[in-house]
Amino acid sequence: MVSAVSTESPAGASSRPVVSIQDVTHRYGKVVALDGISLDVPSGIMVGIVGPDGVGKSTLMALVAGSKKMQQGRVTVLDGDIADARHRRAVGPRIAYMPQGLGKNLYLELSVYDNVDFMARLFGLSPEERKARVPELLAATGLGKFAERPAGKLSGGMKQKVGLCGALVHDPDLLILDEPTTGVDPLSRRQFWSLIDDIRGGRPGMSVIISTAYMDEAQQWDWIVAMDAGRVLATGTPAELMERSGTQNLEQCFIALLPEEKRRGHKEIVIPPRAPGKAELAIEAHGLTRRFGTFTAVDHVTLSIERGEIFGFLGSNGCGKSTTMKMLTGLLPPTEGTAKLFGSAVDAGSMEVRKNLGYMTQAFSLYGELSVQQNLVLHARLYHLPPDKAKARIDELVERFGLGAHLEALAGDLPMGLRQRLSLAVAVLHGPQILILDEPTSGVDPVARDSFWELLIDLSRKQGVTIFVTTHFMNEGMRCDRISLMNAGRVLAADSPQKLIEARNADSLETAFIGYMEDAIAEKARTESKDAAAKDTTAKDATPAPEAAPPPPPPAHRVDRAGLRLRLGRLLAYSHNEAIQILRDKVRLAFAFIGSALLMLVFGFGITTDVENIRFAALDMDQSPESRAYLEQFSAAKPYFALTPPADSSDEALRRLQSDDVSMVLEIPPRFGLDFRRGAGPEVLAQVDGAMTFRGDTVEQYAQAVHNRMLRDPASGFSSASARKDTANIEERYLYNPTFESVYSIVPSVPALLLLLIPAILMTVSIVREKELGSIINFYVTPTGRLEYLLGKQLPYVAIGMVNFFILTALALVVFGVPIKGSFLTLILCTLFYVAATTGIGMVTSTFTGSQVAAVFVTAILTIVPTIQFSGLLQPVSTLQGGAGVVGSIWPATYYMHASLGAFTKGLGAGLILRDVAFLAVCVPVLLGISVIGLRKQEK
Amino acid sequence: MNSLLNIIWLGLKELRSLVSDAVLVVFVVYAFTLAIYVQATGTSSEVNNASIAFADEDGSALSKELINAFYPPRFKQPEIISPDEVQADMDRGRFMFVVVIPPRFEHDLRAGRNPDIQVNIDATAMQQAGIGSGYIKNIINDRISSFMKRTEETGAKPVNLVVRKLFNPNGVSSWFKSVVAIINQITLLTVVLTGAAVIREREHGTLEHLLVMPLTSFEIAMAKVWANGLVILVATAASLLLVVHMVLKVPFAGSVVLWFAGVVLYLFFATALGIFLGTISRSMAQFALLIILVVLVLMLLSGGSTPVESQPKWLQYVTYLLPARHFVSFSQVIIYRGGGLTAVWRQFLMVGAVGMGFFVYSLALFRKSIAVSK
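Chains A and B are the protein sequences, given in the same order.
The first sequence begins at 102 in the working numbering and counts up one residue at a time.
The second sequence begins at 6 in the working numbering and counts up one residue at a time.
Some clues are possibly wrong.
As the list claims (entries may be wrong) - According to the in silico footprint, chain A covers these stretches of chain B (three or more CB under 8 Å from chain A): (1) 21 to 35; (2) 83 to 97; (3) 117 to 123; (4) 312 to 320.
Bear in mind the hints are in silico, worked out from the structure with no lab data behind them.
Every residue gets a Cβ at the ideal spot worked out from N, C-alpha and C, and that includes glycine.
Model the full assembly from the supplied sequences, consistent with the hints where possible.
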């Protein structure tokens, strides 16, 4: 354990590199993400890793942060091999890592304060430190007002700030930020960077590594690593790089650095001016508004777009761009206002409008499992193009969009740039007049982006197609005829990009945008202060400018990190976190409590083996007093048999058996009475419905029983001396359940199944969910140990299991009237060990399942089958043989079922249940041990 | 016409998507082959291998004869325990049955004193306890009477009861269980396939894409219904032929066509349930949790696990509304009892009516959820 943290001299860029990468190669299956990279990153400065999506930036950052497992090569971070677990544990507290994706490592159900506080707990800050540090950081980032808001309800920019607070809470020496500003509005972006600058001002020794897809952002940083296709293209200061390539900005510089074959065919985009003509309006929107509950996503948007125009919509994630588009396409009915395409109103569901529209959604929305050709053909069919025309059109598009070489490839396997071209080809397949494109170029590299824009320009200028496009790239905005700047559901300004820049006297579109945003915020503040509304915390995006307060100084001292108290603290931090999450997730909460109660009722009432009121009919072919007396014995056997009207013929008897009208027909032969009186021993035939075997067997037993009793009972008139003489008196003792009602056996058995199934599933989901959503990174990059993580997550589910036990017990007592005859206290103790073991089973399954769906099904199958088959629910364990017997003898449910039946129905005392308690107590550490071994501390 | 074409094209796309999802295909194949076999031949409600012990205080020839009358496969080899161990062994769950033969048993019997013989039954093992104790009684009675016959002459019984089981004369439980297993798999997989198709399309954003095209939500939903329904129908037919008919050798007494007509009716309900669950759950994970609750309830209350008549009266009225219950019921009528349309039309009507009603409701919900999708 290294306790000295901030002892190194913080004297700017020291000569020793903070990160040294040697021959690192990383593969995902066949895909090579990093291809033999070697790189030394100078310390104490701001380093930018630039390049489009999918070139390996995130993989590299995750490797440096120690969150991903090294495959090949060596990465030295802060003077040690990051592949070495001991070194990771030692330097972990000095590194902060913020993964890609807006708020990816945040817990969306938790409040802003709780999120940051959680990170502080994991890094072992004392309660006093936390109370001081967390509010300080929130104030410095301007989040103070929103401390109590759940992270899920924040805008993208604010989420990133929360993530940053979490990263900074322990004063790291190395800050790793993976695309922190992607999808964030320009103002928040600028605020974010000035915040980083302030922090660096307070801690000059801190090294910062940032990745970004926005080349313009990297312009101001100290040192740049340009990456493409898993390789480093060049390194150096931005000025050096631009000088070397003889270009004006980093984007051009990046294209110039690309290898020759990638650049081929690339040329500067030239946008021919629009032919002046009569301005027919293609899209008109007036006062378009959409509210979701109290939240206004789009606020009175008015715009008009001419035919053939390229109209751009600029704004951050969640500013209302997509919602506006959905209203224009008729996907979403507006709350207020109207939208018209070529003069006719867009009604949700109007077919005519849709035929004139081409639409491309934000995410790649074609069928990845179909080939390029199949995708095109499917859409031609759905638009009902005649087959010959469709073929010609597809050939034409394949030619023009350069898809010829990929016709048989699955759409899902294409690189991003090609996918977007395919999406566009599909969108224009039916020759629409209007194209609506929702962020068509996110994640596409600059060269592919330019070739995509060439296609758009061609469509607009040569074919007069009106194009409505959203983007968050400013340089794409510059290519539009007109753009509108959008923020928080409102259009701030709309005009040609040049005019907007001029109007603000700005040097770039970005500055102009920021200017408009600041005006809007100021305006809002003015109206709000006029309204004298002192506090309005419901305002969605009222991001205040960061306060000029200097970032808080690092805490004066640190407590010993290795202490048991700290481990316990982290464990409880996870428990607390988990408890809040599940309380706020309605579906899981309902599953936890309503689920088990519901299943208890269904099992208790639905599974019953008490066969009663068996409907039978008589086919009496004798009609003598004797035959009637014989039948009378059966109809008197209540509640087992219930007589129905007699059958007249054997055909009718068979028909009634077939249609399940009766389950048994008693056929009394002709001359029954006569034969009986003669002592000839006539035969009565009972035809029993054997379709459902269990019921058939039971009916047979009942019939035999009634018949045998008749023979022994002198009052029945059918008894004989010999039958009475040579028989033993068989006395049946139904132990534990004298009335032999199945409720006394089923109801105490069901909790064994439910307390296994539900806690195991909830437990496994809670871990796999973190894997799927990404917040497990917090476990990877903090000093949290495996045992702390697992136990911390387990505690709330053990508590849920115990609450469930009391609910189930209450149902058994009150609804089913099954009393507890044995030792309830021992049963409680046994249950405690049992739910600890069953949550342990969920932990084990979570180690080998990757998605929540797989986790649920695998856990359900693995728990239900042995519990029903081998633990005594349907078949006593003592009757199992071979493999089934072995499974039954080690499966925890076997022991709990014995204990539960023992305590409820059998009335066993503590002594007889203790063996079960002991076995279950052994299961808990075994399962925990397996999970600890199976749980990875790094991403694969 | 155009609408029909759209439904066909979209359905073909649905089939292609399904085929390319290897995990799902393997799951379907497993569910309709191996899973059916395992469920049909696994634990049985019949008494099999039951554990039994004797506390013999008589030690006579008769008591030895009685002990020897119990043997595998129906019973395990009996164990001999002392009378004071009876309670403790029963408490520990070692034996399901313990027979206590009192001292001087044979002697008393010969003297015509009808001596007591005690059978202790673990009545918490419901299914086997009832039937098993019946067997034990019969075996003891038979052995005693044949033992006594050897020594002295006794007369025939005044009346004899002959029990004949129809439709499954040997009481082979796999006959019934295999068909119930198929029914359970139809319910589970139809719901999983249809619901997953809805959610997958929504999660991938392709649903929106379809909705801006000239397609109605009805066409989108119908395509999913026919494509997934067809997959299940084919899987069911294959399973019935290969597993149930050829491997398990279950005879099919009635009309196969009639049964499949019933299956098609039931599929309306099951696909509708899938669309319904796929629509109300926001993610695959929620969907998976919901399925477990819903499908377990459907399986347990359908009458396939335990007889419907055993349910409390009020619950029988509730389950009357479950198509699964009528499915189990008409399957028994057609497959084992060889009943025709006259025997099952009521169940068909009920499955059709409830299925259709729910189907229409789910479609409306699906349409509405798309209209407000964010």
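Verification of the hints:
{"no.": "1", "hint": "21 to 35", "verdict": "holds (count 4)"}
{"no.": "2", "hint": "83 to 97", "verdict": "holds (count 3)"}
{"no.": "3", "hint": "117 to 123", "verdict": "holds (count 6)"}
{"no.": "4", "hint": "312 to 320", "verdict": "holds (count 6)"}
Of the numbered hints given earlier, the model fails none.
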